Amino acid sequence: MKKAYFVCIGNAGRSQMAQALYERRGGEARSAGSRPEHELHPQVVGAMKEIGIDVSDRRPKAITQEDVEWADVVVLMGCG
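Our numbering puts the sequence shown at residues 9 to 88.
Honestly, the hints are just simulated from the structure, not real lab data.
Wrong hints could be hidden among the right ones.
Said to hold, decoys possible - Here are the simulated lysine-lysine pairs, DSBU-like style, with alpha carbons at most 30 Å apart:
1. Lys11 with Lys69
2. Lys57 with Lys10
3. Lys69 with Lys10
4. Lys57 with Lys69
5. Lys11 with Lys57
Claimed, not checked - DEER-style ranges, computed between Cβ atoms:
6. Val82 with Glu45: 15 to 21 Å
7. Val63 with Gly86: 25 to 31 Å
8. Glu36 with Leu84: 27 to 33 Å
Fair warning: this is a prediction, and the values are worked out from it, not measured in the lab.
In this text, a Cβ means the ideal position worked out from N, Cα and C, and glycines have one as well.
Turn these sequences into a full structure, and let the hints steer you where they fit.
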């Protein structure tokens, strides 16, 4: 699988979920936000827990050039 970098605005929802799901399928992934929040949305943590994925220890982070260069593919998810 290609190394994927999922990017949304806050890195507190969509991109975190995409990263976790991609990793569950065996891929390498990272995620970030153009304006990162301080923590993941509680609804995201709960929804992922319902399907057996624990993201409670993850924290939003900003986009970095290093991560862009690391990735084979960058997936933009409604970035602002």
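Now for the hints, and whether the structure bears them out:
Under the criterion of a C-alpha separation no larger than 30 Å, the hint pairing Lys11 with Lys69 is consistent with the structure, at around 18 Å. A distance of roughly 25 Å separates the Cα atoms of Lys57 and Lys10; the hinted pair therefore holds under the 30 Å criterion. A threshold of 30 Å between alpha carbons decides the hint, and for Lys69 with Lys10 the separation of about 21 Å falls inside it, so the pair holds. The hinted pair formed by Lys57 and Lys69 meets the criterion: a straight-line CA distance of about 21 Å does not exceed 30 Å.
Note on Lys11 and Lys57: the hinted pairing holds, with a Cα-Cα distance of about 24 Å set against a maximum of 30 Å. Range check, Val82 to Glu45: Cβ separation about 20 Å, and the 15 to 21 Å hint holds. Our hint of 25 to 31 Å for Val63 and Gly86 is violated, since their Cβ atoms are close to 19 Å apart. Taking the beta carbon of each, Glu36 and Leu84 are about 18 Å apart, not inside 27 to 33 Å as hinted.
Comparing the model with each numbered hint stated earlier shows that hints 7, 8 do not hold.
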